[in-house]
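One line per chain: the protein sequences are Y and X, in this order. If you're matching positions, the first sequence starts at 317 in our numbering and goes up one per residue. If you're matching positions, the second sequence starts at 25 in our numbering and goes up one per residue.
Zero decoy hints are in this set.
So the derived label-pair ranges between C-beta atoms look like this:
| no. | chain 1 | residue 1 | chain 2 | residue 2 | range |
| --- | --- | --- | --- | --- | --- |
| 1 | X | Asp116 | Y | Pro645 | 34 to 40 angstroms |
| 2 | X | Phe72 | Y | Glu388 | 25 to 31 angstroms |
| 3 | Y | Leu358 | X | Lys137 | 44 to 50 angstroms |
| 4 | X | Lys58 | Y | Asn524 | 53 to 59 angstroms |
| 5 | X | Lys137 | Y | Val390 | 27 to 33 angstroms |
| 6 | X | Glu60 | Y | Val359 | 42 to 48 angstroms |
| 7 | X | Lys81 | Y | Ser669 | 17 to 23 angstroms |
| 8 | X | Val78 | Y | Ala636 | 27 to 33 angstroms |
Honestly, the hints are just simulated from the structure, not real lab data. What you are looking at is a predicted structure, and each value in this text was computed from that prediction instead of being measured. Built from N, CA and C at the ideal position, the CB exists for glycine as well.
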Amino acid sequence: MNDSTRTAYLSPQTAQTRRGAGAPDLLDLDTKDQTFLDATELVLNMGPQHPSTHGVLRVILKLDGEKVLGTECVIGYLHRGVEKIAENRTYTMFNPYVDRMDYVAAVSNGLGYCEAVEKLFATEAPQRAQYIRVILTELCRIASHQVWLGTHALDIGALTPLFYCFRDREEILKIFEKYCGARLTTHAFRIGGCIYEAYDGFEQDCKNFCDAFLPKSDEYEELLTTNRIWVGRTKGIGILKPEDCIALGVTGPVLRASGVKWDLRKAQPYESYKAFDFEIPTGVNGDTYDRYLVRIQEMRQSVRIIRQAVDGLPSGPIVAKIPKVLKPPVGEVYHSIEAPKGELGYFIVSDGSTQPYRVRVRPPSFVNLQALDKMVRGMLVADVVAVIGTLDIVLGEVDR
Amino acid sequence: MVVDSAICYEVLRRMREDEQFDYCVDITAVHYPKREQPFDVVYILYSFHDNERVRVKTLITDGERLRSAVSIWPTANWLEREVFDMFGIEFDGHPDLKRILLPDGWKGHPLRKDYPILQQDKDWVQINLGIESGQ
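Pulled out of the complex, with its shape left as it was, chain X reads as follows:
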């Protein structure tokens, strides 16, 4: 199911309250650098009541902010932090939006397609580990 990013939060809230999708399995993103709206944000939801799984997808531009789903499902907290960490997508109303897997001062968002696999934040490695390269 693809929804417009402006009504995404409202759709998610309805899914939770009216359609009983009470379990937020996962939130993730996919980067398509050539598209006009380069990011897919994917919400995977599950309903215990109907034993049914659904994917809600919304397309956003680089720098566009989405409303955080933490108020709907508390699970979204860490999942959104991971999306922010890996893709640099920011969520409005998130209680504590900061990096989760990478260190706080790291530059760049590794799961974007323009981030090569061997790239790393050389300055960070130099300052914090005192070595030339982490590889």
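Looking at chain Y on its own, in the form it has when it is part of the complex:
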């Protein structure tokens, strides 16, 4: 491009002045350093306030165009020091705090903690309490998966499942409310058993819910399973091979969707899970679509467990004989349960006093989130949203 063509759009006088004054040439697009559409990497900051991060998660994305080259998670925005609080509370006083970690599955958190302390005492909840615990935890698992499905589908662009899921979850929350007065942070169990007896009509409410839920789970599937957009957005996205899952410590539905048939309820049965007949759904490809199918199947298996537990609900006491002031013997214990999101473990060290010496929570969301980088490398930005959704993280539990 010569000088006269470059300034052809200007009037002769202006062109002359510009050239004379050495003004920057506006149309010089030939040289590379002046263009802004080059092919260098872009660093994009996603969150912490982003609707698809399900809380306050910040992901730093390194992009080449729309392709993700790498990610880094910045977490800790919800850190409340739960483990430090535990050291300054008695065993009983710390119990309500655990509900605030994974707040969409508070019942499971409470179950894990109560069982860990019971293990420290080498005691067990009575049979009736165990059945009530199983019923409530499985209801909680369904509720947690419903929140997951609703928000995950919303992230990908399907609005209806959110309304369906929250409508049906309401029935579970009503049962919780009738049972213990709270809907979300329930504090339903106590160390040694349950504090509340099942209310009149508890069994009937659970049965009604189970009968109503199965057709509704089919409705979810009608909306999504064969939906072309849904399949297009989830199939082959965020694949995790079984060996990667194990190396990264990923547990829960994410592990099972990769084809590893492992569930703590079967592998190391706690409570009375041995007495119930249920299956562990697994996937084949380990992609987002398989994880969706596994979770839907898991909800149906939970219904199966609830039905068996309600039918076989034994009579008897609901709380074991434990002292009013809890002073466990000196020692340490690790106990883990299958929470809706994966292995939830409690490592408790007792020095023989009324307060735990150390409580360590092994949160499933924290460890699962670590797999994000592996899953999204080479995918598109839009898939990051799908993968965060499919990991089913709760930031209250990641940060504690």
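Take the given structure of chain Y and dock chain X to it, following the hints.
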């Protein structure tokens, strides 16, 4: 199982390769300020093959460094970062050892027993949040 800190890495590697403990459930620490070796570092391992869980524990002094287990189990990455964040225990050979839950410039390690529950890094709060106290 309690092992000496010098051979800890070797033991962990053997556990992974010879004993098939392929899943590292958790890495954490406990602080006993009155002891000569004030820190317990606890590795909780699980074997899918034998459906068995084991705890490997090693005792270290303040300031002693351990070899990172990231090369054995990639899970150890964030778990070791959390131990560093909360206790100030450093791991050699960790790819990116920095704070994970607390902000980068924070002073102190909260899960040590000499860190009272109400303590906070007042300077950090003043500079970054512009308020006197976060409580």
